[in-house]
Amino acid sequence: MQMSDNVIGTNTPTDSEAEVARVMQICNACRYCEGFCAVFPAMTRRIEFGKADAHYLANLCHNCGSCLHACQYAPPHEFAVNVPQAMARLRGKTYADYAWPSCMGACYRNAWGTLALALLASLLLFALMPAASVFQPVDPPGNFFAFFPHGTLVWLFGTIFAFAAVALGVGVSRFWQEVSPGTPSAPAASEAMRNVLTLKYLDGGHGEGCNNEDDAFSLWRRNFHHLTFYGFLLCFAATLVAAVYHYLLGIHAPYALTSVPVLLGTAGGIGLMVGPAGLLWCNLRRHPLHGDPAQHTLDRGFMLLLLLTSASGLALLAWRDSTAMGVLLVTHLGAVMAFFLTLPYGKFAHGIYRSAALLKWAIEKRQTSGLKLGGD
Amino acid sequence: MHDVLVIGGGNAALCAALTACEAGASVLLLESSPREWRGGNSQHTRNLRCMHDAPQDVLVEAYPEDEYWRDLLGVTGGLTDEKLARLVIRSTASCRDWMRRHGVHFQPSLSGALHTARTNAFFMGGGKALVNAYYRSAARLGVEIRYDASVNALELRDGEFVAARIGDERIVARSCVVAAGGFESDREWLREAWGQNEHGEWPADNFLIRGTRFNRGVLLKHLIESGADAIGDPSQSHCVAIDARAPLYDGGICTRVDCVSLGIMLNRNAERFYDEGEDFWPKRYAIWGRLVARQPGQIGYAIIDSKAIGRFMPPVFPGVRADALDDLARKLGLEEARFMRTVNDYNAACRFGRFDHTVLDDCRTEGLTPAKTHWALPLDTPPYYGYALRPGITFTYLGLKVNEHAAVHFGGRPSCNLFVAGEMMAGNVLGKGYLAGIGMSIGTTFGRIAGMQAAQAARSGNAGSRYADE
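In order, the protein sequence lines correspond to chains A and B.
Residues 1 to 376, numbered by my numbering, are exactly what the first sequence covers, in order.
Residues 1001 to 1470, numbered by my numbering, are exactly what the second sequence covers, in order.
Please note: incorrect hints may appear among the correct ones.
Said to hold, decoys possible - Which residues of chain B face chain A? A few of them, derived with a C-beta cut under 10 angstroms, are:
{"#": "1", "residue": "1043"}
{"#": "2", "residue": "1105"}
{"#": "3", "residue": "1135"}
{"#": "4", "residue": "1431"}
Derived by calculation from the structure, the hints in this document are not laboratory data.
C-beta: ideal position from N, C-alpha, C; glycine also.
From just these sequences and the hints, can you work out the full model?
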């Protein structure tokens, strides 16, 4: 049977969009998975799945795997329903299609190449920039600014970060306009925020977590993601506090080990070590039918870059008073720069689009459905 | 040698295995399917019909024992056993805590499933998630599980279980639970059970099977031939009208088409044959399979207009669509003149009332045979849609006679160590008709009873083993 010939209501969809429409049409006639996450309740508010709906639902999906293991129509059934995989494939297309400027969407077709290029260019930039040899001791020890003037770093990272923010902002606002459920109310915004910050939809709907290598539930992925996300936020906070020290209080780096920026950065760095390492471990053990195998490089590359960033940052802290400081600093700044450069063209984008989808859902669920399904 | 051998791998078998294990027995479970198809028809289920005297987590209000019993009596027309039925009904009041301990999660009644939040507790993720949870729990408790293990015969002596046979392999145990499902996937048996109709057709040849392809009734037939007491009519089953494009096996729930009560149903001759608006769809969907099975060619055509869109669960396959009624007739391959006459007669007979598909409204036909007694609106708003429907068998009701201990009977005497659960004995409670979710209630209740009885029989030591070494 050719299910794909029978799919209704898509406006010239591509393969990955048509596949989401196909599986959603099957799921919508079944609905057993409603309790797992937001995707299925959002699905039941629709009877057709056009391009915009498909991208919205794909980004609402957290790839927890619950619905695949529970699915009576999963392979080897001839319907071959694999919702997490269909959604993951389409998410890859969301990131590429909505990337700004649009030519940069091509980065998603070669994730290793993008990452390698960004990292090499960044390392090269920081290796060549210092006037003095990075192997020389500096005075006082631990003074990063002996190699890189503070103003230069601020200008460089500030510019790249601002660009990344604009690029992601343009992408997500285009995504938002495609399915526009209206303006968020305060309760909707706060629910969406809570769902983002707690990773509500990696709890399996019952609190025992998501699937990884088999049909058993586990909270490891959610916990590792929390370590990664909050580790990142702590590092970000460390940078902001350091900026306050520098500009407002006139206290200049290097900061003491017990200072607020170093404590925040250390805690964040540890989170960014354990979190991505754990996520990588989960990813390598994932059931082969989960997600999109074509995106392994995107996922794993991002985890490895985060690991390089945190490991070089912690190493820099540990050996900042030694002559290795220069090399470690170049490595760390290179990693951070590569991270900033690839923010809008790498895995990081998933958080932005997913948050937008969660906000859409929080708005939409508060509206009355246009459908009045009376049957059993 | 294991204490308890469980033959089957669906809900009833797993409930038996888990209960026997909890009672201290060593258990071997034989599932005839490969691992990826495990769970029998249970993988297609979605809920358990539960009695409760007060709201309980996902269940609202109350569904008292007597109401449950009256509902069962109504659908079976008395073809039930009150003692066994009440045993099932009562056990559903408390079995969910046990289910939860073995990893089953419940969720609120699904959207689009009206009238079920009070009576049915839905499994989160459906029956396959339940089956997965039970297999994980069974593995944790030390139940030995074998897949691709199709038992084709039992060795019995004077109504006692001695051993099971998989081809040449002989598997002994002190007691045995058979929970290997109905025979709906044995096409030959089904053909024979339904026989030939007055048009010379073999109706069962046009049936689709909604459930597992592994329910071929091998053990059921073997046990009946070995003298086990049978109960039920082999032509009775849970039989729904499903989309004719559904796969031959394992179409499950999504192949049903829920728009019958919102339009009209025609047979191959473009004639109506039953009151489409007799009662709410959840109370009527299970009669349409048999109704269609009795029509020529075993096919029906559900016809709706655009007013119905968005008012019923979206079907998995899109309907045949046309902007004019005569065009729809042609696309469906129905004779145009007769189709138009039937639709025009129906449209002319519709008496306008206040349409409300959530109540038994007053939109009905007058002077039409058969009448449509509710939700009768003229088919007048294009585009029109048609769905060809075939009988879809969920499971057959022919089974083995049991007592309250789930014992298989031989010549009226209960076996001391052979027990049966699930679809292989559901016919004791469900002689005909269906109540949503009662299959899982029967399977869970009798699975647990059979498991407990089998563990006790194994412990008493006088059963099975005395012949095992011969």
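Do the hints match the structure? See the list:
Nearest Cβ of chain A to the Cβ of residue 1043(B): about 5 angstroms, under the 10 angstroms cut. The hint holds. This hint holds: residue 1105(B) has a C-beta 4 angstroms from the nearest C-beta of chain A, less than the 10 angstroms allowed. The beta carbon of residue 1135(B) is positioned within 10 angstroms of a beta carbon in chain A (closest approach about 8 angstroms), and the interface hint is therefore held. Restraint check, residue 1431(B) versus chain A: the minimum CB separation of about 22 angstroms is more than 10 angstroms; hint violated.
Going down the numbered hints, you'll see the structure goes against just number 4.
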